[in-house]
Amino acid sequence: EAQVTQNPRYLITVTGKKLTVTCSQNMNHEYMSWYRQDPGLGLRQIYYSMNVEVTDKGDVPEGYKVSRKEKRNFPLILESPSPNQTSLYFCASSFLGDQPQHFGDGTRLSIL
Amino acid sequence: DQQVKQNSPSLSVQEGRISILNCDYTNSMFDYFLWYKKYPAEGPTFLISISSIKDKNEDGRFTVFLNKSAKHLSLHIVPSQPGDSAVYFCAASGRGGSNYKLTFGKGTLLTVNP
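The listed protein sequences derive, respectively, from chains A and B. Counting along the first sequence from 1, when you hit position 109 you're at 109 in this note's numbering, and nothing is skipped either side. To convert, count from 1 in the second sequence and add 1000; that's this note's numbering.
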């Protein structure tokens, strides 16, 4: 089954404790991206990657890091999480061009 | 600066009737538009898209209309079914850049009553 898989689905942690949210897709997509969804703000892009070893900032990159060492994986790293990063996070992937992005089921992070 | 706007936070329709969800955009560089459906505790699911070279695209019960001069698109669902009850997001992207970023509206909650 074609899918984008995120882990964990839920996480409660404390300020400053490094965490990684993994994202993996099995569709051989070149493009991958991370979004966060906040009440009243919709989904906003954090980082994206056009292909392996190619990443760039989206609209709200502060406090986040990403890496793309393999085509299928695109982890989101919070080196020193803060409460304002409490949010619902979605990973997405697609082929390049006018192709719809496919989303994972989301990761709800709570930073205390 | 909200580049994609869904001005109706919610919409309620009767089963079997037409649902019309609206979306406006301000960025003239957008040329690819999508609708996503989202159920609670799930990620957005792609529904239908339209390129700026078209003004209509149909897929079963779903039709998207694009009016470029008005910078407006709409999603028609006919007939509406209770299983269509979800949050619908309009999204847009621009061609030719190095980023296929989707810019989303804030969503419209559709409730289809039996």
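It is worth saying that the hints were derived from the structure and are not from the lab. Please read all numbers here as calculations on a predicted model, not as lab measurements. Please note that the accuracy of each hint is not assured.
[Stated by the list, open to error] The list that follows gives simulated cross-link-like pairs (lysine-lysine, BS3-like), each with its CA atoms no further than 25 Å apart: (1) 57/A to 1068/B; (2) 1071/B to 1037/B; (3) 1106/B to 57/A; (4) 18/A to 57/A; (5) 1071/B to 1005/B; (6) 1054/B to 1068/B.
Taking the hints in turn, this is what the structure says about them:
Between residue 57/A and residue 1068/B, the direct Cα distance comes to roughly 29 Å. Violation of the 25 Å bound is thereby established for this hinted pair. Restraint check for residue 1071/B and residue 1037/B: satisfied, since their Cα atoms lie roughly 21 Å apart, inside the 25 Å limit. Proximity of residue 1106/B to residue 57/A is assessed by CA-CA distance (about 22 Å); at most 25 Å being required, the pair is judged to hold. Pair hint residue 18/A plus residue 57/A holds up; C-alpha atoms about 20 Å apart against a cutoff of 25 Å.
For the suggested pair residue 1071/B and residue 1005/B, the alpha carbons sit about 11 Å apart, so the restraint of at most 25 Å is met. A distance of roughly 9 Å separates the Cα atoms of residue 1054/B and residue 1068/B; the hinted pair therefore holds under the 25 Å criterion.
In terms of the numbered hints stated before, the structure departs from hint 1 and from no other.
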